[in-house]
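So the protein lines, in turn, are chains Y and P. The numbering used here numbers the first residue of the first sequence as 1 and each following residue consecutively. The numbering used here numbers the first residue of the second sequence as 1 and each following residue consecutively.
Hints may be right or wrong, so weigh each one.
As the list claims (entries may be wrong) - Only some residues are given here: those of chain P computed to face chain Y with a beta carbon under 8 Å:
| hint | residue |
| --- | --- |
| 1 | E259 |
| 2 | H311 |
| 3 | A312 |
Claimed, not checked - Over 12 Å on every C-beta distance to chain Y, these chain P residues come out as not near it, computed from the model:
| hint | residue |
| --- | --- |
| 4 | G88 |
| 5 | G170 |
| 6 | R441 |
As the list claims (entries may be wrong) - Some but not every residue of chain P turned toward chain Y, in silico, with C-beta under 7 Å:
| hint | residue |
| --- | --- |
| 7 | A169 |
| 8 | S249 |
| 9 | K253 |
| 10 | T254 |
| 11 | A309 |
Everything labelled a hint here was simulated from the structure, so no lab data went into it. Quantities reported herein were computed from a predicted structural model and do not represent experimental measurements. Glycine residues also receive a C-beta, built at the ideal position from the N, C-alpha and C atoms.
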Amino acid sequence: MAFQLTPEREQQLPEILARYPTKMAACLPLLHLAQEQNGWVSDDVIAYVAERLELSAAHVFGVATFYSLYHTHPVGKHHVWVCRTLSCALNGADAIVAHCEERLGIHVGETTADGQVTLHTAECLASCGTAPMMQIDCEYHENLSPEKVDVLLDRLRQS
Amino acid sequence: MLQRTEHLTKRYGTKDGHTLERYLADGGYEQARRAMSMSREEIVNECKAANLRGRGGAGFPMGIKWSFMAPKVAPERPHYLVINADEGEPGTFKDRTLMEKDPHSTIEGCIIGCRAIGAHVAYIYVRDELHLAKDRLWGAIREAKEKGYLGAKPFGVDYPVEVYVHAGAGAYICGEETSLLNSLEGRRGEPRLKPPFPAQAGAFGMPTTVNNLESIATVPTVMRLGGENFSKMSALHPKEGGCRLYGVSGHVKTPGIFECAVGVTLRELIYDLGGGVKGGELLAVIPGGSSTPILRADELVNAPNEKDALHAWHGKSVLDVPMGVETFRGLGTMLGTCCATVLSTQACPVRAMHNLMRFYRVESCGQCTPCREGSGWLERLLDKIVAGTGTLDDLNRLSEVANSIMGNTICAFGEGTAMPALGFLKKFRPEFEEYIRTGGRSSTNRLELHAAAAE
Numbered sequence: 001m002a003f004q005l006t007p008e009r010e011q012q013l014p015e016i017l018a019r020y021p022t023k024m025a026a027c028l029p030l031l032h033l034a035q036e037q038n039g040w041v042s043d044d045v046i047a048y049v050a051e052r053l054e055l056s057a058a059h060v061f062g063v064a065t066f067y068s069l070y071h072t073h074p075v076g077k078h079h080v081w082v083c084r085t086l087s088c089a090l091n092g093a094d095a096i097v098a099h100c101e102e103r104l105g106i107h108v109g110e111t112t113a114d115g116q117v118t119l120h121t122a123e124c125l126a127s128c129g130t131a132p133m134m135q136i137d138c139e140y141h142e143n144l145s146p147e148k149v150d151v152l153l154d155r156l157r158q159s
Numbered sequence: 001m002l003q004r005t006e007h008l009t010k011r012y013g014t015k016d017g018h019t020l021e022r023y024l025a026d027g028g029y030e031q032a033r034r035a036m037s038m039s040r041e042e043i044v045n046e047c048k049a050a051n052l053r054g055r056g057g058a059g060f061p062m063g064i065k066w067s068f069m070a071p072k073v074a075p076e077r078p079h080y081l082v083i084n085a086d087e088g089e090p091g092t093f094k095d096r097t098l099m100e101k102d103p104h105s106t107i108e109g110c111i112i113g114c115r116a117i118g119a120h121v122a123y124i125y126v127r128d129e130l131h132l133a134k135d136r137l138w139g140a141i142r143e144a145k146e147k148g149y150l151g152a153k154p155f156g157v158d159y160p161v162e163v164y165v166h167a168g169a170g171a172y173i174c175g176e177e178t179s180l181l182n183s184l185e186g187r188r189g190e191p192r193l194k195p196p197f198p199a200q201a202g203a204f205g206m207p208t209t210v211n212n213l214e215s216i217a218t219v220p221t222v223m224r225l226g227g228e229n230f231s232k233m234s235a236l237h238p239k240e241g242g243c244r245l246y247g248v249s250g251h252v253k254t255p256g257i258f259e260c261a262v263g264v265t266l267r268e269l270i271y272d273l274g275g276g277v278k279g280g281e282l283l284a285v286i287p288g289g290s291s292t293p294i295l296r297a298d299e300l301v302n303a304p305n306e307k308d309a310l311h312a313w314h315g316k317s318v319l320d321v322p323m324g325v326e327t328f329r330g331l332g333t334m335l336g337t338c339c340a341t342v343l344s345t346q347a348c349p350v351r352a353m354h355n356l357m358r359f360y361r362v363e364s365c366g367q368c369t370p371c372r373e374g375s376g377w378l379e380r381l382l383d384k385i386v387a388g389t390g391t392l393d394d395l396n397r398l399s400e401v402a403n404s405i406m407g408n409t410i411c412a413f414g415e416g417t418a419m420p421a422l423g424f425l426k427k428f429r430p431e432f433e434e435y436i437r438t439g440g441r442s443s444t445n446r447l448e449l450h451a452a453a454a455e
């Protein structure tokens with residue numbers, strides 16, 4: 001089944017295209033929009049973006065695989081990104097990562113069996129003054145402790 | 001002397017600091033209105049007089065950068081203003097606060113900036129993870145548009161200005177300006193060869209200025225105070241002027257972002273603003289993001305020659321030198337983003353270097369072989385040392401690999417990896433040797449504080 005944007009998302013496209021002098025420039029925004037709907041960037045998504053922007057599928061695939069936030073394979077419904085770079089590491093990020101692995105019963109890079117959560121580590125998320133921190137979907141959670149993480153993960157598994 | 005200022009952070013403590021209403025109550029958009037009736041030259045000269053050094057890390061004088069743009073805009077060669085808000089340098093979290101807490105100063109800066117370089121469109125490139133920042137910027141753009149500050153006739157003047165937010169998609173390298181431009185154009189974020197420089201061929205092949213977000217958000221303050229008055233605030237006037245955001249994180253009691261007149265010392269940043277070191281004594285500090293070589297707490301300034309710019313601090317602690325682009329270059333490091341990362345004596349320098357070299361291996365875009373392969377080698381050699389199977393020869397190999405990256409890559413990411421690597425090896429040579437001899441038992445072998453000290 002070929003990929004199509006929902007009518008609501010489709011309506012955003014002309015406004016996005018109007019921002020730039022070239023169609024190609026809409027490649028990143030359109031991939032974001034499509035991934036938001038589809039959960040990940042499948043071959044169908046790549047074909048769709050390529051057709052809409054008059055690009056080759058190879059170009060779109062190259063873009064999708066370059067950036068870490070496009071998922072080129074199926075992932076969980078929610079994403080947990082734990083920052084592990086120096087300022088967070090100095091404040092206990094490794095213990096937070098280990099705690100998440102234990103609570104979710106998965107390793108970094110894996111998805112829980114129920115398909116709810118994918119666990120990632122992230123490189124510096126510009127939240128160094130409130131370390132350690134994690135991003136869950138679109139939200140930052142800062143000054144973490146294992147207890148705080150438990151509350152967040154419990155809520156996530158049920159949502 | 002530490003001098004706190006409140007030009008950029010005035011609205012930080014308020015709940016509605018991001019709204020137009022609050023921004024207008026503080027005299028917002030008056031400078032953009034004024035700029036609309038000024039010539040390009042007048043605005044650029046104001047910025048030159050401000051001695052505003054770019055806040056992104058390289059410290060290039062902003063007024064001079066603006067003056068590189070062609071004085072006449074050919075109709076088929078439109079100019080663009082691009083704002084770099086891809087904040088990703090480890091230890092740096094200043095631009096994010098501006099976008100989240102006071103987005104209108106950025107939008108006003110963009111209007112003035114567009115006017116100064118002859119552009120009609122500004123793109124703010126924000127890393128995708130910063131969802132609140134993107135929302136706040138879009139919200140500010142909407143509000144400004146409704147008021148008629150943006151659009152076809154800003155402030156009633158026939159000079160269209162549009163500002164758009166462009167989200168990245170997770171790539172540290174897109175903070176490098178030419179890679180950012182590729183990413184804006186819808187390509188893989190790989191850096192371009194320079195020349196041509198962005199002022200000749202930037203976004204979409206057109207003349208472009210790329211400014212850091214804090215730099216552009218500072219422009220309304222420059223215009224309000226006047227360039228010269230702005231510059232004079234700084235202890236390092238006239239070499240670098242004004243006020244800026246200082247950040248401190250890591251092993252300090254009160255990490256955060258603080259606005260001060262330029263010329264704060266690391267001692268003031270760590271002890272007065274950061275509340276002092278937690279979990280032991282000060283071991284070392286990375287002054288301005290992970291790419292700036294580390295300074296040891298016990299290091300002294302060595303500038304015996306009277307002609308040396310740092311001679312006044314000869315024999316004093318490096319912690320007492322005012323933080324400036326040139327002063328810190330003199331110390332063999334860089335000012336970078338002015339956001340320091342503090343390591344207490346409980347932290348292991350070998351582990352710290354390992355953590356950062358992993359970062360560079362992950363984030364290398366892979367375009368140039370020395371960087372792609374070299375960053376991997378650096379991490380793997382440190383994997384080996386941390387596993388307790390390293391040899392003293394591995395220390396020489398680390399230096400050799402770092403030196404082979406340096407100068408052999410398209411962009412500065414290579415230097416950004418090699419310089420801190422060489423810095424760690426030089427400053428902590430005895431600690432590294434001892435670590436290898438004892439298989440890591442000589443060190444705390446950890447980065448985080450012991451639970452009791454972390455309280």
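(request) Verify the interface restraint on A312(P): the C-beta must sit less than 8 Å from at least one C-beta of chain Y. (result) 32 Å, violated
(request) Against chain Y, run the beta carbon of H311(P) and see if the smallest gap drops under 8 Å. (result) At 33 Å from the nearest chain Y Cβ, H311(P) fails the 8 Å test, so the hint is violated.
(request) Check the non-interface label on R441(P): least C-beta distance to chain Y beyond 12 Å or not. (result) R441(P) is indeed farther than 12 Å from all Cβ atoms of chain Y, at 19 Å.
(request) Return the status of the interface hint for S249(P): holds when the least beta-carbon distance to chain Y is below 7 Å, violated otherwise. (result) At 4 Å from the nearest chain Y Cβ, S249(P) passes the 7 Å test, so the hint holds.
(message) Is the interface hint satisfied for A169(P)? The criterion is a beta-carbon contact with chain Y at less than 7 Å.
(response) This interface hint holds because 3 Å falls under the 7 Å limit.
(message) Restraint: K253(P) near chain Y, CB-CB cut 7 Å. Satisfied or not?
(response) Hint violated; K253(P) Cβ to chain Y Cβ min 12 Å, cut 7 Å.
(message) A cut-off of 12 Å on Cβ-Cβ distance, and G170(P) was said to be off the interface with chain Y. Does that hold?
(response) 4 Å, violated
(request) Take a quick look at G88(P) and tell me if its Cβ sits farther than 12 Å from every Cβ on chain Y, holds or violated. (result) 6 Å, violated
(message) Quick check on the hint: A309(P) CB to chain Y CB, less than 7 Å?
(response) 30 Å, violated
(request) With chain Y as the partner, please determine if E259(P) meets the hint condition of a C-beta pair closer than 8 Å. (result) Hint violated; E259(P) Cβ to chain Y Cβ min 14 Å, cut 8 Å.
(request) Identify whether the interface hint at T254(P) stands, where standing means a beta carbon of chain Y within less than 7 Å of its own. (result) It is violated, given that the least Cβ distance between T254(P) and chain Y is near 9 Å, above 7 Å.
Hint compliance for this structure: hints 1, 2, 3, 4, 5, 9, 10 and 11 are broken, all remaining hints hold.
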